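What follows is the residue order along each chain.
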Amino acid sequence: MSNVETLELQSAIGFEGKVPNGLRIHPDRMHMIYAIGCNLVIENLQTRKQEFLIGHNNNVSCIAVSKSGRFIASGQVTYMGFKADIIIWDFASRQLYARLVLHKVKVQDLAFSPNDAYLFSLGGQDDGSVVVWNVATKESICGSQAQHKSSGITYCLAASRNNDNLFFTAGNNTLRIWELDLPNRKIRPLDVNLGQTKRIVKTISSSDTEDVFFCGSTTGDILQIGYQGQFKAIGPEKNKFSLGVTALQCLKNGDILAGSGDGKVFLLAPLTFKPKKTAECDAEVTSLALRGDGHMFFVGTAKSQIYKIQLSEWKQELLNTCHNSVINDIAFPFGTSELFATCSFEDIRVWHSASSQELLRIKVPNKTCTSIVFSRDGTSIISGWDDGKIRAFYPESGKLMYVINDAHQRGVTSLAITSDCRRIISGGGEGQVRVWNIRPDSQTLEATMKEHKNAVVQIKINKSDSECLSASLDGTCIIWDLKRFKRSQVLFANTLFQCIAYHPEEFHILTGGSDRKIAYWESYDGAQIRELEASKSGTINGLDIDATGEVESVGFGHGGEVKKVKICPNNRVIVSVGDDGSILRWRLSSA
Amino acid sequence: MPSHNKDESIYNLIPQEKVIPPKPPRYESKFKETAKDELKNVKQDHRTMGYAKEPVPKPTDYLKAHQKEFKLPEPQTTGRINEKIRPPVPDPVKDRPLLGIKTNKNFISQNAVDTIMAVPKKPEKNLVDTRKGDKFPLDPSGLAPVYVKKKNFGSVPTYIIERKEETVRAKAEYEAYMEEYFKKGALRTMTDDERESILQGLKKNWDELHHAFQSLSVVIDTIPKKMRKEKLEQDMKALEKDIDLLQRHQFIYIAD
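Top line first, the protein sequences correspond to chains V and G.
With our numbering as the guide, the letters of the first sequence map in order to residues 1258 to 1848.
With our numbering as the guide, the letters of the second sequence map in order to residues 466 to 721.
The hints are simulated quantities; they were obtained by calculation from the structure and are not laboratory data.
For clarity, every value in this text was computed on a predicted model and none was experimentally measured.
Any given hint might turn out to be false.
[Said to hold, decoys possible] Covered by chain G, according to a simulated footprint, are these stretches of chain V (three or more residues, beta-carbon under 8 Å):
| id | stretch |
| --- | --- |
| 1 | 1588 to 1599 |
| 2 | 1634 to 1642 |
| 3 | 1650 to 1656 |
[What the hints assert, rightly or not] The calculated label-pair distances, taken between Cβ atoms and stated as ranges, are:
| id | chain 1 | residue 1 | chain 2 | residue 2 | range |
| --- | --- | --- | --- | --- | --- |
| 4 | G | I479 | V | R1667 | 17 to 23 Å |
| 5 | V | V1660 | G | I479 | 24 to 30 Å |
| 6 | V | K1324 | G | I479 | 41 to 47 Å |
| 7 | V | P1622 | G | I479 | 43 to 49 Å |
| 8 | G | I479 | V | D1468 | 32 to 38 Å |
| 9 | V | N1751 | G | I479 | 41 to 47 Å |
| 10 | V | E1467 | G | I479 | 51 to 57 Å |
| 11 | G | I479 | V | E1537 | 48 to 54 Å |
| 12 | V | R1744 | G | I479 | 18 to 24 Å |
Glycine included, C-beta positions come from ideal geometry on N, C-alpha and C.
Chain G extracted, bound-state conformation (with noise of 0.2 Å):
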């Protein structure tokens, strides 16, 4: 049986409304009282406007012998620099500067030569719209005709000549492609032997066609020789229209 159930009462069911403890006091620091008397002891009196009658020195703080004078500040001791990076003295000998140098230039005259060698200056380009003589400089203000005197002004931009000159040049080149994928794969040309040949065996037929035809009878009175005789005008008719291609034609291609 476990301890803490012997301490379970059924009054403690009884819901007991929660109080709320009151808030503690604000906390207040305990030397807030010396801070207070600090800040007001410390504070000094009369700094901004001065005491209303400027006290007497006190006679032991008498005026002494140059007090009132201006005293420098005591130098300030660096010792800061170390004495190994300190560059060294100058050699009395080897460092001895040139002496005695002198220049053989007429000054005089070269300046008299260059002022009068010397180019006049330019006028300033100046734009005056007053009476008072206000004035402007013309350039920039985009009243003188700058554009129009340009070199290259009105002609075409040589960028655009550029990327008609690379169409025109693409398309060349796909032309000349084109052409000679189709000659990879194209037809073949019928050679003149061959043409030749193939003529003398279709008239040799066409002979023999004719010579059987010519030997026919003359009366066709049953169906066989009616048959007969259609069959071998028609295949003659097939070798005439043939030999005529060939004959018609000077170059036939051959698709394989």
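Isolated chain V, as found in the complex (with noise of 0.2 Å):
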């Protein structure tokens, strides 16, 4: 594992919809910046040719642009404890252009001053500061506490229009001006009075045209500030935006766009923030990014979506979706590595891989499926859900072709079916592995095989349909006899079993646990050959292998967990899915 490649990473189908103003249009007005999991995504909005800046080593929690375009700004998350990266892109290389280390946990917010002389980066709760960067030097200037002691957790910063020395921030029960005294490397803030008002500001928008900046609150109402602290205006009076306004763009005329947590846009007229045009999404709106002026703009949702708004005249069109929450499973129908399944919270949904659009979603409402296959001929996808049944989609429609209720009592979670298409093997969270027999019309249990102790997660039928393999978390794997429906070996290991894998060859069997470990087994007599070190951080929760059973690359794309890895049918792609719902794809390079 020590001279491993590095994975280059194809396409990813995803978008951090949680991300606040997690959406961007580069001034070039050509480009859409975003993040999937700790990537950032350049995609051409024309083209949708996507383009990664690799670089976060988790989770990207704020993006900001410079006015002239010259520079992405990203910060990320980390563990508790640890140091917080932002990293400045240049774009025109799309190269790394400084790594810039100060605050802990998470940065809550950058922004670009005008001239982009300075970044401005704000910590977030466990860190609570604010900082100053100098962008040339590639150095901070100086920092302070974002907020009083007294007062709450600050949630956003924003830069003057005009003045390289003046930027924002608000947060809860905070509302500061900061002016830079760069002579004497500090900042000064200056809290603007709001008396009685009390607010909890969520998003921040400083207007293009006029020294003022505008404020949303999560009461619903706008609070309008000007540069020298006046509290010039708040609104609407009445019919307040309901689940707080969670963001905000200024427009050159004056008007005002601003997203509602209840997932409406809409079109505000300045000082009384009266709604002029409103435009409903499916999900709060976190991030609204205009394009040039804003003669068009786009919203992004925190369930993932991306819509496009002409603003003259307000007509909205879908423009992305994916999964927004974890994905378990993927799979691929038999011989064509041209569409691949994956399923997710509610949904299950295939995709294109060659041009990531999505050809089919299934949903059912509340439940989770934890697991996906497709029959062998290609007529019929099974699915596995939390519920503890099995359900049979159609693959053309979508439409429902079987259940079998009560599959298993705690849920299904995970599933086989063999080559002739006539048994599924599914697997419960009690344990148990039950063989149904497919007919047209009736779907009966064949046989139980109660020996885990613990939740199946993943089954593998052999070639020839007469053993399976069944990993669990109780720590074995076994090995059943599909004639005589008994166990013919059991494999014991002191791990969290999350994968299992045959050799193309059948001799051997492949496991990946708790244990970061790689294990050959023999499947003869269930003896371990040998084990590998797989990863040096965490657990192993996906295997799969290809027909000639050799890899070794690495890839960092993913924030969070990675579900499930598959290797596409031609070998020739890579296809994870991480616990953000993201699906990213990788080039196999020794195809």
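Relying on the hints, combine the two individually framed chains into one complex.
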């Protein structure tokens, strides 16, 4: 594992919708910038070509683009007690320009000064500081506590429209205007006096035309503040935006775009903040990004959708959707790499790999799909759900074909189907492995195999359908004889098995688990042959083996846990899914 | 379970590139060749220039008698005239024309008389402006003074006179109307008797006041006495003024 290659990221399906203002449009009006896991994606709006900025080692938490478009800055989260990096990227070369390390745990927000001279950064709850960075020298100038000890967390930060030395922060009961005193290397705050009004400001946006900035509060109103700290206006008086103002953008003509927590986008009149136009999105609006002067703008929601809205016609178009919660499984149809299916909370989606387009979506409200397989003949999609049912769907219309009720007591956790499509083998949360006989009009239980004491995480069937493997969290893997429905071998290890695979020749079995090791086992007598340390940091969640059985590279991209990996049937691409709902496709270098 | 679902397969989801079928060949009529041949065969040779060498007529086409003579075309029988609407044949008795009518007029003498009595024709008015005697009519040329010779030259056009008269008449009518109108709702003249009676009454009142004034005590010592004297004086003055007004004017108009 010493000299492993780095996998090349080919494309990604996903959008980190929960990042506030996590969707930006570059000033060249051609590129959209957003985060997927720990990568930044620069996507061409016309060709939809993606480029990746890889450098963070954990989820990206904020993005800023400088006014000239030369720099992109991104901040990340990290584990408690560690420092979170800010990375400044050079847009033209798509290269890392500077890595700035000072904040702890999380970078809350970032902003460039109007002439790209400074970068202002705000640390998260556990850091609570504001730092000014010199972009040219890549060094910090000064820092300060973001708020009084008596006030709450500071959530957002914005730079002034024309003064390099001025920026604003706002949060829970705090609203400050900061002035940089460069000769003395100090930033001096001016607390805005809001009188009796007490607000938690979640978003802040400075106007391009006047010396004012706007703050969106969780109460659902907008505050207008002058650069000298004058509290100019608050509104709307009635009909406040429900679930709070979550995103704000000022337009050139003085109008304001606001996104609310209930997923509505408003075009507001100045000063009164009364809505002139309204558009509805599916979930909380987390970012509003103007293209150019705002003739078109993009809306990012917490459910990872991206909408495009034409300002003049107020025409709304859904640009992008993807999973927005943990993806539990991937499946390829037999013999083709062009399609794959993923499953997550509430839905199963079938994707076209080359274009990253969603071809089919099957929704089952409020249930989580834990595992998914295609039947070998391609006539059905079989899925296991956490309500203990196995559901099969027609692959084109997405309609329900049949349901096996109460297949398992504690949810179906794994599924496999024999190559003749006559039997389904399912594993449940309670540790049972069951064999189902599938006929066109009836599905019957053929056998129940009770050996595992904990959830069965993966089941694999051999090529001749004569035996199957099951891996369980109780630290055992069992080889079952599918003729007698009895255990033929058992593998013990001091680990929680997460994944299992047959070697292509089927005389070896590979397992991976929480001990971070890949173990090779003899399938004939269940003896361990060797162990490899596969991961330096965490559990091995996914394991797949290609036809030749030789792998060795590493990829960095997912923010959180990688839930599953699969090598596509023609050995060109690896698809991996993460717990953040992103799907990444990696080019397999050996192919 | 609908039967069409059974045909579903995941592999149908793979987006197929649309194959654009090649265009069918351009339509060609199956009669094209025939038409071409026909045109070629029907085409008469030597239509424009004639034969290079005139072919000799065949011995069977020998020259026959009167062959070269001009022949009138066969008369065309229309046969369309309706027998019913054909005019009747003239009656030999009734419609016999008058015969033997003769005039006594001596045309020779008549012509001579006419010529003698005829007024000579006025010479054409022409303008000759070149040596060669190129002439053109004078009247339309504008060189002869036409408008100056007109009878009404220099006089006010009749329409203006008419218009002026019209305005004068309208004004007079309006004034007459206004006078009438004022007369209707106008002030009433006080009659002589009325005037006289009013005057007498006023004088009588004045006399009474004067008598009272004359009989006032000589010494005016108290305020009431002084007040009474002043009052009388004032009243008398007012009456004198009214009497004077009535006496001074011959006609007095009363606005009702």
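Okay, the hints, checked on the actual structure:
Look at the stretch 1588 to 1599 of chain V against chain G: 4 of its residues bring a Cβ nearer than 8 Å to a Cβ of that chain, three or more, so the hint holds. Look at the stretch 1634 to 1642 of chain V against chain G: 4 of its residues bring a Cβ nearer than 8 Å to a Cβ of that chain, three or more, so the hint holds. Closer than 8 Å: that is the beta-carbon criterion, and the stretch 1650 to 1656 of chain V has 5 residues meeting it against chain G, so the requirement of 3 holds. Between I479 (chain G) and R1667 (chain V) the CB atoms are about 36 Å apart, so this pair departs from the stated range of 17 to 23 Å.
Distance hint check for V1660 (chain V) and I479 (chain G): the Cβ-Cβ separation is about 27 Å, which falls inside the suggested range of 24 to 30 Å. Against the hinted window of 41 to 47 Å, the Cβ-Cβ separation of K1324 (chain V) and I479 (chain G) comes to about 45 Å, which satisfies the hint. Separated by about 29 Å at the C-beta atoms, P1622 (chain V) and I479 (chain G) break the suggested range of 43 to 49 Å. In this structure the supplied range 32 to 38 Å is violated for I479 (chain G) paired with D1468 (chain V), their Cβ-Cβ distance being about 57 Å.
A hinted range of 41 to 47 Å for the beta carbons of N1751 (chain V) and I479 (chain G) is consistent with their spacing of about 44 Å. As the Cβ distance of E1467 (chain V) to I479 (chain G) is approximately 54 Å, the hint placing it in 51 to 57 Å holds. For the pair I479 (chain G) and E1537 (chain V), the supplied restraint of 48 to 54 Å is violated, since their beta-carbon distance comes to about 34 Å. A hinted range of 18 to 24 Å is violated for the C-beta pair R1744 (chain V) and I479 (chain G), which are about 40 Å apart.
The structure shown violates the earlier hints numbered 4, 7, 8, 11 and 12.
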